[in-house]
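Participant: Here is how the chains run, residue by residue.
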Amino acid sequence: MTLRALMKFRELILAGILIVGVAAIGAYQPVFLEWENISDLLTETSVLFMMALAQMVVILTRGIDLSVAANLALSGMIAALISQYYPETPLVLMIAAGVLVGLLLGLLNGGLIAFLGIPPIVVTLGTLAIYRGMIIIIAGGDQVNASEMGEEFQAFPKLVVFGLTTPVWIAIVVSVLFYVFLNYSRPGRALYAVGGNPVAARYCGIDQRRQELLAYGISGAVSGLCGYLWVARYGVAYSEIANGYELTVIAACVIGGVSIGGGVGTVPGTLLGALFLGIVMTALPVMQISPFWQMAISGAVILGAVVINARAEQRPDKLILPEARRLGRKVPA
Amino acid sequence: MSEPILTLSGVSKSFPGVRALHNVSLTLHPGRVTALIGENGAGKSTVVKILTGIYRPDEGEVRIGGAARHFSSPRDAWAAGIAAIHQETVMFDELSVAENIFMGHMPVGGARMVDWAEMRSRATELLKRIDAPIPAAYPLRRLSVAQKHLVEIARALSHEAQVVIMDEPTAALSANEIDDLFRIVAQLKAEGRAVVFISHKFDEVFRIADDFVCLRDGEKVGDGPISGVTPPQLVRMMVGRPVDQVFPKRDVPIGDVILKVEGLSNATEYADVSFELRKGEILGLYGLIGAGRTEAMQGLFGITPITRGKVVLEGREIAIASPSDAIAAGISYVPEDRQDQGAILSLGIRENITLANLLRHVRGLFLSRASERDETRRLGNRLAIKAANWEQRLGELSGGNQQKVVIAKWLATHPKVIVLDEPTKGIDIGSKAAVHEFIGELAADGLAVILISSELPEVMGLADRVIVMKEGRIVDEFRRGAWSAEGIVGAATGAHREAA
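Protein sequences, first through last, are from chains A and B. 1 is the number of the first residue of the first sequence in this note's numbering; add one for each residue after it. 1001 is the number of the first residue of the second sequence in this note's numbering; add one for each residue after it.
These are calculated hints, taken from the structure and not from any lab test. C-beta: ideal position from N, C-alpha, C; glycine also. Mixed in with the good hints, there may be bad ones.
Claimed, not checked - Some residues of chain A that are not near chain B, with every Cβ distance over 10 Å (derived):
| hint | residue |
| --- | --- |
| 1 | LEU100 |
| 2 | ILE206 |
| 3 | TYR234 |
To be verified - Partial chain B-side listing against chain A, Cβ under 8 Å, derived:
| hint | residue |
| --- | --- |
| 4 | MET1091 |
| 5 | PHE1092 |
| 6 | GLU1094 |
| 7 | ILE1318 |
| 8 | GLY1348 |
| 9 | LEU1355 |
| 10 | ALA1356 |
| 11 | LEU1367 |
| 12 | ALA1370 |
| 13 | SER1371 |
| 14 | ASN1381 |
| 15 | LEU1383 |
| 16 | ALA1384 |
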């Protein structure tokens, strides 16, 4: 089978590599395969699952959102401050506040990109710095510690329901919502169209600006939700939280087969990409590989994925010869 | 007459399925301007591409100063003293005027470094020679189209070009700018260079040219001094053939008026476009390239904003502010470049076909796959789209099938009025016949069709009525049975005034 034919089953292959990899790590360090470790791994990766899906939606429109980690940190800080200063607020409202702040920050990105026509990389690079700076301003340069946050606020992400922690359940629900949205709704389809061919989408009556606003809004809202989960789980909020995490998120998308050129990407692929990175990041310490090597290995994995993607996106050869059409591929020389 | 600078003798060129040129000869003399005349697709650009080394002729030869020359690249043509100035200038926007003039042959000093001072002073000198007040250090992007043409002419002079080809140089120029250009053409003549001038505008041709060569369907159908012909004679030469038998016109009962457009205008592209369209009618929209036909129809479809005008569909006035308004009202527009402007290669056939009309497939909150599949199967079979299955990615299909998918997408919107922009451009003769038959079918189904086409035989073969646009306005209207090819082309080129 040619490499290109294999690409059609990209997600299956990625899943296969994961299974083989996990089995190999398990053979070397059986502790890795224990349920407790797997449960930890999923909890640890749950934020990455959601953030990668949201980033995928942005990349589908030929955009990029570099401000997601800064957004996460700022939304998380606001949720933490509410918990500190208004501890009587119901938990659900605190989470909603995080999501709402994230949504607004995302819409700000979307508005600048859609209505002022500034390139996404420039806008989100700028807002990344602004959002990080705002954390210092609103928190007066301080951090919010575990002792200052409410108990319930911190307990929720550690709750175990039917064997899985709440962040994992939330990631599952969010994934299902993304799947349905992208595959069975008009705006979801329109996102693929805008990224696949903006001119053709316009002729079909799709408003690119509205789609961009939607994509960055989704990206922001998910960042806000993850901001709460992150701060509550690790019990600390400060300006440097998740520093550089946007690159991990983008890497998960790329490994999962999302095309940086826009218009291509699936929910299962992106989830696998995130899981892959999650395993690499948790397995390498288990295998006692030095943190310096961990970064180099993650980088090599990302590059490998990009090379494979680039190969997959090459235009297939046209099948003009009747014998080639019959075979469905190149005629042997 | 003096020795010719360049002769083209017996040149033929074919592409798969198309004969672009057949046995064409051409002689250029120093100090004379030769107009190259012909309809769209007559072979003018192919001649230019052979002269500039982009294509190699299958047969025949190019002789320069008496010696046969074989160009294997555009560079060879430059070296042989042939320079072309294209309709849309191909230059480097971010670089300076001087760099654009000397791109590819910059003066170098010691250590093979670019000699900037030398380059600037030579550029300034060249620009002065053609009286172009443009600073050599200016970035090109800050120049107007007319000024860019001047830079291109300076570039040609920098090569000491003996033959200067101008391919519709006046298309984007104002009247004053055209005067300036003609002054420079006169100067090039005076310097003993040969100029090839391609234009659709007869007044310009008769003003500037000394000789003419007329092409039709890839063959030379006439040449000689321009003083020996009149505009009507030239139009007859261009059109030449009896066209009415080429396409079998289907007789379709024509119904009531369905669309009425009144005074459609845009600030820069078209003005006062008014017409009526009936059910089952095919309305041809003819004109030269750049006459504003596409732009006016894009206004009707909501792609570009209109500044004035009224659109009445089935007796009700409708406001069209975006393509989605037009689609909802029942107007479809199949763009000229169906692959670039219509196909989404990364999506499947089903997703492409239902994209312009997804609302029809919403059941409750969600899209219904079953409903989408039904529509795809129906249209896929009707248009005979060849694919492994209806989910196949568009990027994996052949170009012809991609085009069919795009047409299927517009039929899926269940339009009442469909605008087809150059529906047979760039496709071979066999597919053309299929498209023509299909257009006839659409009309027979009761659709009202607006056919934008630059091919006269196509328009005259299919349309019930033709309106002609020139420079953004409708200049004439012709009915089947009461029209002539000369009349239509005359209206489009502006030659009919001389003819009258």
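Participant: Hint by hint, say whether it matches the structure.
Facilitator: How the hints compare with the structure:
1. For A/LEU100, the non-interface assignment is confirmed: its Cβ lies about 24 Å from the closest Cβ of chain B, beyond the 10 Å cut-off.
2. The beta carbon of A/ILE206 sits about 8 Å from the closest Cβ of chain B, which is not more than 10 Å, so the claim that it is off the interface is violated.
3. The beta carbon of A/TYR234 is kept farther than 10 Å from every beta carbon of chain B, the shortest such distance being approximately 37 Å.
4. Of the supplied interface hints, the one on B/MET1091 is violated, with its beta-carbon coming no nearer than about 24 Å to a beta-carbon of chain A, more than 8 Å.
5. Restraint check, B/PHE1092 versus chain A: the minimum CB separation of about 22 Å is more than 8 Å; hint violated.
6. At its closest, the beta carbon of B/GLU1094 sits 17 Å from a beta carbon of chain A; the interface hint therefore is violated under the 8 Å criterion.
7. The beta carbon of B/ILE1318 is not positioned within 8 Å of any beta carbon in chain A (closest approach about 14 Å), and the interface hint is therefore violated.
8. A cut of 8 Å between beta carbons decides the hint on B/GLY1348: the least distance to chain A is about 10 Å, and the hint is violated.
9. Among the interface hints, the one on B/LEU1355 holds; its C-beta lies about 5 Å from the nearest C-beta in chain A, closer than the 8 Å criterion.
10. A hinted interface residue such as B/ALA1356 counts as satisfied when its beta carbon comes closer than 8 Å to some beta carbon of chain A; here the least separation is about 4 Å, so the hint holds.
11. The interface hint given for B/LEU1367 is met, as the beta carbon of that residue sits about 5 Å from the closest beta carbon of chain A, less than 8 Å.
12. Taken as an interface hint, B/ALA1370 does not check out: its beta carbon lies about 12 Å from the nearest beta carbon of chain A, beyond 8 Å.
13. Proximity of B/SER1371 to chain A is violated relative to the hint, the smallest CB-CB distance being about 12 Å (cut-off 8 Å).
14. The criterion of a C-beta within 8 Å of any C-beta in chain A is not met by B/ASN1381, whose closest approach is roughly 20 Å, and the hint is violated.
15. Interface hint at B/LEU1383: violated, since its Cβ lies 18 Å from the closest Cβ of chain A, which is beyond the 8 Å cut-off.
16. Given the 8 Å rule on beta carbons, the hint for B/ALA1384 is violated: about 16 Å separates it from the nearest Cβ of chain A.
Violated hints, in rising order: 2, 4, 5, 6, 7, 8, 12, 13, 14, 15 and 16; the structure is consistent with all others.
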